[in-house]
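Student: Please model the entire structure based on the sequences and the hints provided.
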Amino acid sequence: QKEVEQNSGPLSVPEGAIASLNCTYSDRGSQSFFWYRQYSGKSPELIMSIYSNGDKEDGRFTAQLNKASQYVSLLIRDSQPSDSATYLCAVNTHASGGSYIPTFGRGTSLIVHP
Amino acid sequence: ETGVTQTPRHLVMGMTNKKSLKCEQHLGHNAMYWYKQSAKKPLELMFVYSLEERVENNSVPSRFSPECPNSSHLFLHLHTLQPEDSALYLCASSQTPPGGHTQYFGPGTRLTVL
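Quick note, the sequences are listed as chains A and B, same order. Residue 1 is where the first sequence starts when you use my numbering, and the numbers rise one by one after that. Residue 1001 is where the second sequence starts when you use my numbering, and the numbers rise one by one after that.
Some clues are possibly wrong.
What the hints assert, rightly or not - Derived BS3-like pairs: lysine-lysine, alpha-carbon spacing no greater than 27 Å straight-line:
#1 K1019/B x K1040/B
#2 K56/A x K1036/B
#3 K1041/B x K1022/B
#4 K42/A x K56/A
#5 K1019/B x K42/A
#6 K42/A x K1022/B
#7 K1018/B x K1036/B
#8 K42/A x K1041/B
#9 K1036/B x K1022/B
#10 K1040/B x K2/A
#11 K1036/B x K2/A
#12 K42/A x K1036/B
#13 K2/A x K56/A
#14 K2/A x K1041/B
#15 K1041/B x K67/A
Think of the hints as simulated: they come from the structure by calculation, not from any bench. These numbers were taken from a predicted model, which means no experiment stands behind them.
Tutor: Encoded structure:
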């Protein structure tokens, strides 16, 4: 069973701080990595995707990928109370028959307090 | 609005009932997914269809039966469910291959089994 691990939190940070969310995965063959945000009572929505080692920045968000360490992270700069949500890490993993399927982590709950 | 719709949004059914969940995507995607989301558990992938063929079944009980008549529509037929099947059922779509592209989620169907 291919796994994606996240600390469930909650991670509590003050407004304006940097929030750091981490994710590890077990399938060395994984090639596609995603961070989704899910507000309470809503469905997940994409924050960032990353496919190559290194950093990818989009506004206040930076995704970091290290395939050698099987580690992907999401940094949120200048955290706002509106960033309070559960952040889901998703990785494409091998399934039976050689195809790929998405596998989600448990999610990390982020609380940004004023 | 994400372009993925689900009906009904809420469903209450008895253990002996038969019902169906419907998902429709207007994004031109050719992969569709059913997920189960229960409290304090990771998002569980139930079924994946790519180009209208089932890719992954993931050991889902036979009381759940998917149907994908075309690339825009996905159904989940339910019969003789158990109370532990109460959860939020999410549909998603993406480009192929499954897991390799951003998924767009519908709003979900909140299912309660009495």
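Student: All the hints need checking, so say for each whether the structure fits it.
Tutor: Each hint tested on the structure:
For the given pair, K1019/B sits about 26 Å from K1040/B by alpha-carbon distance, which is consistent with the 27 Å threshold. Simply put, K56/A and K1036/B have alpha-carbon atoms about 30 Å apart, too far for the 27 Å limit, and the pair is violated. Taken as a hint, the K1041/B and K1022/B pair is honoured in the structure, with Cα atoms around 23 Å apart against an allowance of 27 Å. For the hint linking K42/A to K56/A, the alpha-carbon distance of about 26 Å falls within 27 Å, and the restraint holds.
Pair hint K1019/B plus K42/A holds up; C-alpha atoms about 23 Å apart against a cutoff of 27 Å. For the hint pairing K42/A with K1022/B, the CA-to-CA distance comes to about 18 Å; that is within 27 Å, so the pair holds. Of the pairs offered as hints, the one joining K1018/B and K1036/B holds, with about 18 Å between alpha carbons and a cut-off of 27 Å not exceeded. Our distance criterion of 27 Å between C-alpha atoms is met by K42/A and K1041/B, whose separation comes to about 16 Å.
Distance restraint check for K1036/B and K1022/B: the Cα-Cα separation of roughly 14 Å lies within the 27 Å cut-off, and the hinted pair is therefore satisfied. Straight-line distance between C-alpha atoms of K1040/B and K2/A comes to about 19 Å, which keeps the hinted pair within the 27 Å bound. For the hint pairing K1036/B with K2/A, the CA-to-CA distance comes to about 18 Å; that is within 27 Å, so the pair holds. With a CA separation close to 14 Å, the supplied pair K42/A and K1036/B stays within the 27 Å bound.
With a C-alpha separation of about 25 Å, the suggested pairing of K2/A with K56/A holds against the 27 Å cut-off. A distance of roughly 16 Å separates the Cα atoms of K2/A and K1041/B; the hinted pair therefore holds under the 27 Å criterion. Distance hint between K1041/B and K67/A is fulfilled; the C-alpha atoms sit about 26 Å from each other, no more than 27 Å.
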